[in-house]
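Enquirer: With the hints as extra help, turn the sequences into a complete structure.
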Amino acid sequence: MRSRARTHVATLLLSIVLASAVLAVGGGAAHARTPSPSSLLSSAIGLPASVDGGAWSSGHLQGTAIDRRRGHMYFSFTDLLVKTDLAGRPIGSVTGLTGHLGDLDFNSADGRVYGSLEYKAARAFYVAIFDGSRITRMNMDARTTDVLSTVHLREVVRDYTADMNGDGVFDGDTGNTPDHRYGCSGIDGVAFGPDLNGRGGGRLTVAYGVYSNTARTDNDHQVLLQYDVRDWRKYERPLSEDALHTSGPASPAGKFFAYTGNTTYGVQNLEYDGDSGNWLMAVYKGKKAAFPNYALYVLDGSKPARRGEVKGQPRPESGRIVSLLPRGLHHEPSGVYGYESAGQYGLVSLDDGRYYVAEAGTVDSGGTTLRTGRAVLHRWTGAAPNPFAVRGPAD
Numbered sequence: 000m001r002s003r004a005r006t007h008v009a010t011l012l013l014s015i016v017l018a019s020a021v022l023a024v025g026g027g028a029a030h031a032r033t034p035s036p037s038s039l040l041s042s043a044i045g046l047p048a049s050v051d052g053g054a055w056s057s058g059h060l061q062g063t064a065i066d067r068r069r070g071h072m073y074f075s076f077t078d079l080l081v082k083t084d085l086a087g088r089p090i091g092s093v094t095g096l097t098g099h100l101g102d103l104d105f106n107s108a109d110g111r112v113y114g115s116l117e118y119k120a121a122r123a124f125y126v127a128i129f130d131g132s133r134i135t136r137m138n139m140d141a142r143t144t145d146v147l148s149t150v151h152l153r154e155v156v157r158d159y160t161a162d163m164n165g166d167g168v169f170d171g172d173t174g175n176t177p178d179h180r181y182g183c184s185g186i187d188g189v190a191f192g193p194d195l196n197g198r199g200g201g202r203l204t205v206a207y208g209v210y211s212n213t214a215r216t217d218n219d220h221q222v223l224l225q226y227d228v229r230d231w232r233k234y235e236r237p238l239s240e241d242a243l244h245t246s247g248p249a250s251p252a253g254k255f256f257a258y259t260g261n262t263t264y265g266v267q268n269l270e271y272d273g274d275s276g277n278w279l280m281a282v283y284k285g286k287k288a289a290f291p292n293y294a295l296y297v298l299d300g301s302k303p304a305r306r307g308e309v310k311g312q313p314r315p316e317s318g319r320i321v322s323l324l325p326r327g328l329h330h331e332p333s334g335v336y337g338y339e340s341a342g343q344y345g346l347v348s349l350d351d352g353r354y355y356v357a358e359a360g361t362v363d364s365g366g367t368t369l370r371t372g373r374a375v376l377h378r379w380t381g382a383a384p385n386p387f388a389v390r391g392p393a394d
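Heads up: the sequence shown begins at 0 in numbering that gives the first Met the number 0, then just goes up one per residue.
Mixed in with the good hints there might be a few duds.
[As the list claims (entries may be wrong)] Derived CB-CB ranges, DEER-like:
#1 G352 to A242: 42 to 50 angstroms
#2 K286 to V389: 26 to 34 angstroms
#3 G365 to T245: 41 to 49 angstroms
#4 E308 to V362: 34 to 42 angstroms
#5 A242 to R88: 35 to 43 angstroms
#6 D170 to T135: 22 to 30 angstroms
Simulated from the structure, these hints should not be mistaken for laboratory data.
Here the structure is a predicted model, which is why all the values come from computation and not from measurement.
The beta-carbon is built from N, C-alpha and C at its ideal position, and this holds for glycine as well.
Expert: Okay, here's the thing in structure tokens:
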């Protein structure tokens, strides 16, 4: 009798939780490891149709990341990181960044947010690592609090500063030059996913920014670096913009090339989709007439990288080539596949066919222009030209 009574009470409690979920408004984090009333509630509701990142006196929206277990969304506004709940209520922010904070991704292995961070004038490029659990109030200074550590990327510096014409002069932050190997302008897109060589194992993938330059032929690839971050604690250093450090791996675990044609500043948002096994690269369109200049390229995750020619280089060069998925729009003269879609301001795969696709905008506040951003729920359809369709939380 006691066992049956306990079962009846448990069933009644579950019914109350599920009934409450039907009446509740807003979204919550799904898939908590240990079921609880709050996790059951959020599972019943599902994720919200959109998450508002707010309006800020900063740069435009660069990237987004989600911590589903804790119910948090992160927004990168160029020099500002904002943390919200899934109802769009601000929880905290990180300020004091004078470099360029770009794309973000959440690492479920250590519960931290990783982003690209550039200091082009200082020829320094980092992966910024934010401890979201310590972001508990607004306007936390990245330099004086313990919310941020950084890891230096030496390989990016080598390509960014490469003297390609041999004149002994570094031409600086400009695309109107033959310098910068592969047209490297720094870094932007970041995402966690498997080894592109097809050997399994998780990697952090960092995508180059690439200058728009229609006069050269060696800048027609997207360049992807992969790193095993499990031992990165030994490299991590606090951010000190007055004395930028060079603590980081000597070289990446892998370097890969995707032939898309030149783009304007390379991969803005990179995302791995665990549902399809493919990688998405959202870009600002290129300007070369010989290429289709799509806004989204998809890497075929079923095909490991192969050794092949890195086209258009001053001297013959081979590298690890990754293949575009043969779906969507196809430009026969170049052989390039792709899509026309958003995603350049933020792209988050939920690994079940759904994505948060970010929208960026502005709003006037008493004569001051504020930057806005929100993440909107979509479903992948694969249809051309735009493979995303807006969906509500129940879809």
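Enquirer: A separate judgement is required for each hint: does it hold in the structure or not?
Expert: Hints, one by one, checked against the model:
{"no.": "1", "hint": "G352 to A242: 42 to 50 angstroms", "verdict": "46 angstroms, holds"}
{"no.": "2", "hint": "K286 to V389: 26 to 34 angstroms", "verdict": "29 angstroms, holds"}
{"no.": "3", "hint": "G365 to T245: 41 to 49 angstroms", "verdict": "43 angstroms, holds"}
{"no.": "4", "hint": "E308 to V362: 34 to 42 angstroms", "verdict": "48 angstroms, violated"}
{"no.": "5", "hint": "A242 to R88: 35 to 43 angstroms", "verdict": "37 angstroms, holds"}
{"no.": "6", "hint": "D170 to T135: 22 to 30 angstroms", "verdict": "43 angstroms, violated"}
Consistency note: the structure conflicts with the earlier hints numbered 4 and 6.
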